[in-house]
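Q: Residue numbers (our numbering), protein chains in the order written: chain A, 1 to 371; chain B, 1 to 137.
Hints are computed from structural coordinates only; laboratory data are not their basis. Possibly wrong hints are sitting among the right ones.
What the hints assert, rightly or not - Covered stretches of chain B (chain A as the covering partner; in silico rule of three or more C-beta atoms under 8 Å from a C-beta of chain A):
id, region
1, 48 to 58
2, 80 to 91
3, 94 to 105
Said to hold, decoys possible - Here are the simulated lysine-lysine pairs, DSS-like style, with alpha carbons at most 30 Å apart:
id, chain 1, residue 1, chain 2, residue 2
4, A, Lys210, A, Lys113
5, A, Lys223, A, Lys296
6, A, Lys111, A, Lys198
7, A, Lys346, A, Lys257
8, A, Lys146, A, Lys314
9, B, Lys79, A, Lys91
10, A, Lys91, B, Lys82
11, A, Lys113, B, Lys56
12, A, Lys169, A, Lys366
13, B, Lys56, A, Lys91
14, B, Lys124, A, Lys111
15, A, Lys113, B, Lys82
16, B, Lys56, B, Lys82
17, A, Lys113, B, Lys79
Stated by the list, open to error - Derived Cβ-Cβ restraints for the label pairs, each shown as a range:
id, chain 1, residue 1, chain 2, residue 2, range
18, B, Lys124, A, Glu175, 26 to 36 Å
19, B, Trp3, A, Gly350, 48 to 58 Å
20, A, Glu193, B, Lys82, 31 to 41 Å
21, B, Gln74, A, Glu325, 32 to 42 Å
We treat Cβ as the ideally placed atom computed from N, Cα and C, and that holds for glycine.
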Amino acid sequence: MTLQDSMQRTNAQMCYSCGKCTAHCPVVRVGASESPREMVERAQLGRDLTNDDLVWNCLTCKLCQNYCPEDVDFIGFIREVRGLSRDNGGKPEYTHGEMMQTMARIFASGKFKQNKLEWLDRSKTSHDGEVALWIGCGPYVDTALKDHGSDQVNISNAALDVLNMLGIKPRVLDEEVCCGHDALWIGEDETFEALMDKNLEVISRSEITKLVFTCPEGYEVMKHEYPDMGIELAHISEVVADAVDDGVATFDKMEKKVTYQDPCRLGRFLGIYDQPRKVLEHIPGIELVEMEHSGKRSRCCGVSAWINCNQNSKRMQMERLEEAENAAPTLVTNCPKCLTHFNCVKNEDGFDKEIEFMDWTVLVSKTLRGV
Amino acid sequence: MSWDPQILVFACNWCSYGGADAAGVSRFQYPPDVQIVRVMCSGRVDPGFVLRAFNKGADGVLVTGCHLGDCHYQDGNYKAEKRVEMLYTLLGQLGIQSERLGLEWISAAEGQRFANVITDFVGKIRRLGPANGGEGP
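Let's have the full structure, built from the sequences with the hints guiding it.
A: If you want it as C-alpha cells, here you go:
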C-alpha cells in the first residue's frame, strides 16, 4: 500500500484546495499546526505525511466531509495514512498509558478467557432469543476509568430494562470481544481483523437475527467494516423510536429541559438524527432545545479512539459545553464515550459550567413505562 | 517439562531498588526469574505498563515501592496502591488471575526482605503456572 493508492481510493487526488474542510475542522479551529487542505495538498505533491500533526490529531469526526465538493473521503485517507505511518514506526499519543489499546490486543490474541459479565442480571436476559444486546468494552472501560466518569455498565443495564419493557428479553453473547473500532481507526489493521474474525464466529454460532447497540462505534464498525452478517443491526434509539411509531410505548412524565449531542458515529456515519429526538420529544415534560451546532453540523466531544487527548481536546469540550449550557441545563449524550469525555472535563481546574450530563438510554429507561 | 516463569518487577529508585542493591551487596540469594525495571517512583507505574507486560507474555508482575508514608514524592505509593487495586479488578475481568499481580513495600535497608519477597512471589507464580497455560476463548 502506498500513499498514491490511498489517494486513489479516497478520492484525495480530486481535491482542488478549496479549503472548506479546513474552515470547518474542529481541530484546526482550536489550534492544529496544519489543515486538512494542506495535508491533502502535500500528499498530491508527494511529500512525506507520516509526521504531520493531523495524522494523529484528526478526530475522524467526518465534519469536513459534509462540505467537500469533491467527495474526498478525508477521514478514510487519514486512516490509511495512519497505517502507513505505523509501518514507519509512527504512533499516536496513547491516553491512559495505552491501556485501552493493550486490552484490544489482549482480546485479539485470544490468550485469556474474559470474565466481564459479573454485574449482569441474567433474569433480564434469555439464552436462546433471536435478539442480542451488544455489551462491548464497557465493563473494562468502567473499571479503568471510574475516576473519569465512565458509566457504561449503567447504560447497558438501562438498555436491558428498556428492551425488557418493550417485551424483548435479549441475549448477551458471553464470548463477544471488543468490536475493534478503535484498533481500526488507529491503523492497527491486524488487531482489528483478529477481533472481527472472533466476533463473526461468535455471532454466526449464536444464530441471532438482530443485534442491538448502545454504543454507536460498535454499530458503525459492524455495519460498515464487517462483512455482511445477514442479521439486522440497530441502535437502541431506533428500537425505541419504532415502538413509539407503533404507538406501543408509553412514558412517565419527566420535567426536564434538555439538549442533545449527536455522536459522530451515530449521526454523520449512520445518519441517525431523528429517532433519538423523536423519542425525547415524545416523553411528556421533556423540552428539547437544539445547540447552535447540531444534527449534521454537530461538534465533536473532543477525543476519539483513546488517542491524543490534549489541550485541543479540552478546548473543544469546553466550547461544546458552552453551547450546551446556553441551550439547556441537561446535556443528553447518546454515546458512552461522549459521556466519559464530558464527565472527564468536569474534573479540570477552572471548570465553571452548571450542566448535568445524562445518557439517552438511561433517561429513556427512567421514563419508559412498558407497552 | 521445564518451565521458568517470566516475572517483571518494578522497583522505585529510592527504596525498593535500594533494597535490591542491599540484597546484592549482602549476598542474599533470590531466584533468577525476575527482571527488575527501575522507575523513579512506584507512582510512575502506569496500569498500561502492567497490561503490556501480560500481553507480551509475563507470568507475573510485582510492583514495589517505599513503605506508605516514606515516599520520596510524598504520595506516589498511595497512587500506586490505588492503581493496583483497580488492576486487580481489571485483570479478573480480562481473565488473568489477579494473584499474578503483586504489590509490596520494601525500604532501601531491607535487603533480606527484598530477597524474601522475590522468593515468595516467584514461588507463587511457579505454583500458578504459565499465565496463558491452556486457556483461551
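Q: Determine for every hint whether it applies to the structure shown.
A: Hint by hint, here is what the structure shows:
1. Only when three residues or more bring their CB closer than 8 Å to a CB of chain A does the claim for the region 48 to 58 of chain B stand; here the count is 6, and the claim holds.
2. With 3 residues having a beta carbon nearer than 8 Å to a beta carbon of chain A, the region 80 to 91 of chain B meets the requirement of three or more and the stated coverage holds.
3. For the region 94 to 105 of chain B, the proposed coverage by chain A is satisfied: 3 residues have a C-beta within less than 8 Å of a C-beta in that chain, meeting the threshold of three.
4. This hinted pair checks out: Lys210 of chain A and Lys113 of chain A have alpha carbons roughly 25 Å apart, not beyond 30 Å.
5. With a CA separation close to 19 Å, the supplied pair Lys223 of chain A and Lys296 of chain A stays within the 30 Å bound.
6. Proposed proximity of Lys111 of chain A and Lys198 of chain A is supported: the alpha carbons are some 13 Å apart, at most 30 Å.
7. A hinted pair counts as satisfied when its Cα atoms are at most 30 Å apart, and Lys346 of chain A with Lys257 of chain A qualifies at roughly 20 Å.
8. Distance hint between Lys146 of chain A and Lys314 of chain A is fulfilled; the C-alpha atoms sit about 19 Å from each other, no more than 30 Å.
9. With a C-alpha separation of about 27 Å, the suggested pair Lys79 of chain B and Lys91 of chain A falls inside the 30 Å cut-off, and the hint holds.
10. The straight-line distance between the Cα atoms of Lys91 of chain A and Lys82 of chain B is roughly 29 Å, inside the 30 Å bound, and the hint therefore holds.
11. Distance hint between Lys113 of chain A and Lys56 of chain B is fulfilled; the C-alpha atoms sit about 16 Å from each other, no more than 30 Å.
12. Using a Cα cut-off of 30 Å, the hinted pair Lys169 of chain A and Lys366 of chain A holds, with the two alpha carbons roughly 18 Å apart.
13. Annotation: proposed proximity of Lys56 of chain B to Lys91 of chain A holds, straight-line Cα distance about 18 Å (limit 30 Å).
14. With a C-alpha separation of about 21 Å, the suggested pairing of Lys124 of chain B with Lys111 of chain A holds against the 30 Å cut-off.
15. Among the hinted pairs, Lys113 of chain A with Lys82 of chain B is consistent with the structure: their alpha-carbon atoms are about 25 Å apart, no more than 30 Å.
16. Our distance criterion of 30 Å between C-alpha atoms is met by Lys56 of chain B and Lys82 of chain B, whose separation comes to about 24 Å.
17. Taking the CA atoms of Lys113 of chain A and Lys79 of chain B, the gap is near 29 Å; set against the 30 Å cutoff, the hint holds.
18. Taking the beta carbon of each, Lys124 of chain B and Glu175 of chain A are about 30 Å apart, inside 26 to 36 Å as hinted.
19. In this structure the hint that Trp3 of chain B and Gly350 of chain A lie 48 to 58 Å apart at CB holds, the actual value being about 54 Å.
20. In this structure, Glu193 of chain A and Lys82 of chain B meet the distance hint of 31 to 41 Å, their C-beta atoms being roughly 36 Å apart.
21. At roughly 37 Å, the beta carbons of Gln74 of chain B and Glu325 of chain A sit within the given window of 32 to 42 Å.
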